[in-house]
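Can you build the whole structure from these sequences, using the hints too?
Spelled out from the first residue to the last, the chains are:
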Amino acid sequence: MSVLGDFASIIPEMVLGATALALMLAAAFAGDAFARPISWLAVAALALAGGLLASPAVYSGGTIFEGLYQADAFATFAKALIFAAAAGSILLAPRFFDGEGGGIRAEYPVLILLACVGMSIMVSATDFLTLYVGLELNSLAAYVLASFMRRDVRSAEAGLKYFVLGALASGILLYGMSLLYGFSGTTSFAGVAQAMSGELSSGLIFGLVFVLAGLAFKISAVPFHMWTPDVYEGAPTPVTAFFASAPKVAALALTTRVAVVALGPTGHSWQQIIIFCALASIVLGAVAAINQSNIKRLMAYSSINNVGFALIGLAAGTEKGVAAVMSYLAIYVVMTIGSFACIVQMKDENGNPVESIASLAGLSQRRPGLAAALAIFMFSLAGIPPLFGFWAKFLVFDAAVAADLTLLAALGIAASVIGAFYYLKIIKTMYFDAPSGELAQGRNVLDFSIIWACAAVIVFGYLLNPLLDSASAAAAASLF
Amino acid sequence: MNQLGFPILTLMLAVPMLGAIACLYASAQQARWIALGATLIDLLLGIIIWMSFDQSVGAPEWQFTEYAPIFGRFAWAMGIDGIALMLIALTVFLMPICILASWEAIDRRVGEYMAAFLFMETLMIGVFTAQDIFLFYIFFEAGLIPMYLIIGIWGGVDRIYASYKFFLYTLLGSVLMLIAMLWMVNVAGTTSIPVLMQTDFPVAAQNWLWLAFFASFAVKMPMWPVHTWLPDAHVQAPTAGSVILAGVLLKMGGYGFIRFSLPMFPEASAHFAWLVFGLSMVAVVYTSLVALVQQDMKKLIAYSSVAHMAIVTVGLFAFNQQGIEGAMMVMLGHGLVSAALFLCVGVIYDRLHTREIDRYGGLAINMPKYALLFMLFTMASVGLPGTSNFVGELLALMGVYQVSSLVALVSTTGIILGAAYMLYLYRRVVFGDLTKDDVRAMPDLSPREITMLVPIALAVLWMGIYPESFLAPMRANVASIVARTEAARPEGDAKLVMGKIGDLAPAHGAEHGAAPETAQKETH
Numbered sequence: 001m002s003v004l005g006d007f008a009s010i011i012p013e014m015v016l017g018a019t020a021l022a023l024m025l026a027a028a029f030a031g032d033a034f035a036r037p038i039s040w041l042a043v044a045a046l047a048l049a050g051g052l053l054a055s056p057a058v059y060s061g062g063t064i065f066e067g068l069y070q071a072d073a074f075a076t077f078a079k080a081l082i083f084a085a086a087a088g089s090i091l092l093a094p095r096f097f098d099g100e101g102g103g104i105r106a107e108y109p110v111l112i113l114l115a116c117v118g119m120s121i122m123v124s125a126t127d128f129l130t131l132y133v134g135l136e137l138n139s140l141a142a143y144v145l146a147s148f149m150r151r152d153v154r155s156a157e158a159g160l161k162y163f164v165l166g167a168l169a170s171g172i173l174l175y176g177m178s179l180l181y182g183f184s185g186t187t188s189f190a191g192v193a194q195a196m197s198g199e200l201s202s203g204l205i206f207g208l209v210f211v212l213a214g215l216a217f218k219i220s221a222v223p224f225h226m227w228t229p230d231v232y233e234g235a236p237t238p239v240t241a242f243f244a245s246a247p248k249v250a251a252l253a254l255t256t257r258v259a260v261v262a263l264g265p266t267g268h269s270w271q272q273i274i275i276f277c278a279l280a281s282i283v284l285g286a287v288a289a290i291n292q293s294n295i296k297r298l299m300a301y302s303s304i305n306n307v308g309f310a311l312i313g314l315a316a317g318t319e320k321g322v323a324a325v326m327s328y329l330a331i332y333v334v335m336t337i338g339s340f341a342c343i344v345q346m347k348d349e350n351g352n353p354v355e356s357i358a359s360l361a362g363l364s365q366r367r368p369g370l371a372a373a374l375a376i377f378m379f380s381l382a383g384i385p386p387l388f389g390f391w392a393k394f395l396v397f398d399a400a401v402a403a404d405l406t407l408l409a410a411l412g413i414a415a416s417v418i419g420a421f422y423y424l425k426i427i428k429t430m431y432f433d434a435p436s437g438e439l440a441q442g443r444n445v446l447d448f449s450i451i452w453a454c455a456a457v458i459v460f461g462y463l464l465n466p467l468l469d470s471a472s473a474a475a476a477a478s479l480f
Numbered sequence: 001m002n003q004l005g006f007p008i009l010t011l012m013l014a015v016p017m018l019g020a021i022a023c024l025y026a027s028a029q030q031a032r033w034i035a036l037g038a039t040l041i042d043l044l045l046g047i048i049i050w051m052s053f054d055q056s057v058g059a060p061e062w063q064f065t066e067y068a069p070i071f072g073r074f075a076w077a078m079g080i081d082g083i084a085l086m087l088i089a090l091t092v093f094l095m096p097i098c099i100l101a102s103w104e105a106i107d108r109r110v111g112e113y114m115a116a117f118l119f120m121e122t123l124m125i126g127v128f129t130a131q132d133i134f135l136f137y138i139f140f141e142a143g144l145i146p147m148y149l150i151i152g153i154w155g156g157v158d159r160i161y162a163s164y165k166f167f168l169y170t171l172l173g174s175v176l177m178l179i180a181m182l183w184m185v186n187v188a189g190t191t192s193i194p195v196l197m198q199t200d201f202p203v204a205a206q207n208w209l210w211l212a213f214f215a216s217f218a219v220k221m222p223m224w225p226v227h228t229w230l231p232d233a234h235v236q237a238p239t240a241g242s243v244i245l246a247g248v249l250l251k252m253g254g255y256g257f258i259r260f261s262l263p264m265f266p267e268a269s270a271h272f273a274w275l276v277f278g279l280s281m282v283a284v285v286y287t288s289l290v291a292l293v294q295q296d297m298k299k300l301i302a303y304s305s306v307a308h309m310a311i312v313t314v315g316l317f318a319f320n321q322q323g324i325e326g327a328m329m330v331m332l333g334h335g336l337v338s339a340a341l342f343l344c345v346g347v348i349y350d351r352l353h354t355r356e357i358d359r360y361g362g363l364a365i366n367m368p369k370y371a372l373l374f375m376l377f378t379m380a381s382v383g384l385p386g387t388s389n390f391v392g393e394l395l396a397l398m399g400v401y402q403v404s405s406l407v408a409l410v411s412t413t414g415i416i417l418g419a420a421y422m423l424y425l426y427r428r429v430v431f432g433d434l435t436k437d438d439v440r441a442m443p444d445l446s447p448r449e450i451t452m453l454v455p456i457a458l459a460v461l462w463m464g465i466y467p468e469s470f471l472a473p474m475r476a477n478v479a480s481i482v483a484r485t486e487a488a489r490p491e492g493d494a495k496l497v498m499g500k501i502g503d504l505a506p507a508h509g510a511e512h513g514a515a516p517e518t519a520q521k522e523t524h
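As they're listed, the protein sequences go chains A and B.
Its first residue numbered 1, the first sequence is counted upward by one per residue in my numbering.
Its first residue numbered 1, the second sequence is counted upward by one per residue in my numbering.
Keep in mind the hints are simulated off the structure, nothing from the lab.
Keep in mind that a hint or two might mislead.
[Stated by the list, open to error] The calculated lysine-lysine pairs, modelled on DSS-like cross-linking and capped at a C-alpha distance of 30 Å, are: (1) Lys299/B / Lys425/A; (2) Lys165/B / Lys425/A; (3) Lys347/A / Lys161/A.
[Claimed, not checked] Partial list, derived from the structure: chain B residues whose beta carbon lies under 8 Å from chain A: (4) Arg73; (5) Tyr137; (6) Ile138; (7) Ile160.
Virtual Cβ for every residue (Gly too), placed ideally from N, Cα, C.
Laid out in structure tokens, this is it:
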């Protein structure tokens, strides 16, 4: 196909990129007063890009741009999740920033759009250089978003921490990529895979380890997770919702593609690394969360814990396993956006955000709807049936058992009981404790539509199973 | 579809579910009536399925079946056999009584409370009707959510500790079962429980699978030493919560053994029978002794539940018709009797707000109706002939006697100890002098309380006097389980020999019958 024809396969990215640039100019000239229209335009652009994903050139365009980029069902599935999560994060923002004084700034939706372009490139990359470009575009936008509340010390600290540690991880990743390039002579996934199929030189092994370490940092898997709680706590809540959803999807999808396509032929030499990361993330994510009193830190550990479960599907290394990872991410995004939409509602009388778990005490009596929704998300994150979060765990464990990793599955599911403890703690605070009266009333139709839409998916999700199954199976099949 | 022409099992699940949603939006008084109405409709549906259940010879094993593959990897598959039918009957019978028991005792957040109970009913019936293994798991696990809320919101002083313990204990027990289920479905290629019951799994794998299921059912049952969540949960739960916990939730463990462990892993069941026997023997003696020294009435009954459930497990792993039928009868009988005992405790707790045994005494004088009903249930719990528990315990012990005299001997001490702690409880609460003023002021049973207790009393007597009504629907299903486990059945030490019918006819036939029996013994 000609290069010009290749552009047909990246229309969603082009739409997002063009909108981001146009809105940036609009923001520069019109100022923050137009922040809300700009937000709506950004959401419209995401919706348009999401709609364009349905074009055959996008979901089955094949390898384009001389093997740098892949337009397949796998990338499309991930992009759909990323766009949805990003739209949710933009919609949640305006009310949150209102309370902090100054209101929402017009750059916020623009930065999210740019991050989305970066993430789209990440999930479609079939070359280490494309991968790196996409990753950095996403990361640079994310560093700015983390420190978005300039006058807030914690937000600035979060941005700085994220930047320093993120740069370190990028360095590790680059080093690994250069080793792979040096020992295989190519940066394309297919070429690396070919080099890996023979006898493994120590250089290739080192390259593999460094690449996986760099990626583990991006998905915040243990032992490269330490930045997560601080960044999640410090960043403004809608940004935290964004970090916990879209970039997680992108980085996990990227890791899956790298592991299966580029490193796959090595007889699963990466499998033991993934198994270790999975178990360590599940256990540490569960144990470390127990004593948290800040709900955003708790959600950070929860996201580490969830990454561990998703990695169990990847550890299986089979088509079924990849399908399970993608389904897991889909369900996880819904639970995360829903939970953070609830957390955004936690405000005191002056409209300032409240983050302590204790402030939720007795919420079920003061705001029964909000408490019920948050309880649904917590039970679902704990993986208790009949909520949809159970199905996510079910799929990854099913894949692990089918791949003869029964012991891993048994250990992982046993550790999930530890995780259940801290999710229960939030429910206990809301339902069993006496009301504290710290949180103010007040509701917003848009926020609650997001909350209830997510809750409906979590409660009635099993009816979506046939759809989710076929979509994730198609996504997985395109990698094998 | 089935003999009724409409999906009655789905309807039984839907009625309480819709009732639960309605309760959330209703006022307190409306919620009570909605809940009572929904549970009564389900009771009616339960009566309909019992009446139309085909018990004739050659009747299909699974009746009222429904199948809709709407969930992708698993299906909405429903269907019941006689065993499930009896447990469903128990559930729908106890639920309206639970609602009545909470009528006045629960005065805050009534709508949510009733919703939790109705949701619980949906899940319990779902457990007994599910024919898809994952559907079963979903119902089985989901029960944790409403029970956690019931204990945690409406429970006693230490409710938070008890609710956590209940939740995490049972969750840890059941998650390993999920992995075992995934493995089985992977190997067998089906999620249908009836098909899996006929699947022969490799013997080496059976042991692991059996242990995974055992972890779940033993906690649910509960068996010693994983029973410790039960006394805490019972003591802290509101009365109706205790009733449903003792009446139905504990039966899920026994149902699991019958439905999964025995028919799916017969070899492993035989292999681990010693483990079950050992734990059950300890449970019978130990928990009975613990019950003897309790100061708290609910705790005493909770410990007695553990002892009774140990008789159930002993009967189940006897691998014969009497044993399994007896175990089922103990489960049904205990479901009624312990439920009634918790209600009896609830009746006086509502008046004096303490469960301490020493605070009562002499109730026979001012509460004669209460004393009469309480005595009936005490006697039933002891296992007096003519009551439900006698039938079950006798059959279960007869069953296990064919396998091991020692186990039968130790288990039988449970009945004696049971008589000791129950009569001791009854003496301290009901007999003696009426010395305390506040106790003297307690009124006798109200009409509402009589409405709760009398139906249970009648059912207990019915089950004791004419157990055939309850045994007949289960007989064929129990026989097929026995046939399935026949090959693996461990040899017993009792060497029983069936006497000839002809020898039994004359009154003095015993001497004649004895001779061939000893002759038989020598040939063994």
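Comparing the hints with the structure gives:
1. Lys299/B / Lys425/A: Cα-Cα ~26 Å, so holds.
2. Lys165/B / Lys425/A: holds, 12 Å
3. Lys347/A / Lys161/A: Holds. Lys347/A to Lys161/A sits at ~26 Å (cutoff 30 Å).
4. Arg73: Result: holds, 7 Å to nearest chain A Cβ.
5. Tyr137: holds, 7 Å
6. Ile138: holds, 4 Å
7. Ile160: holds, 6 Å
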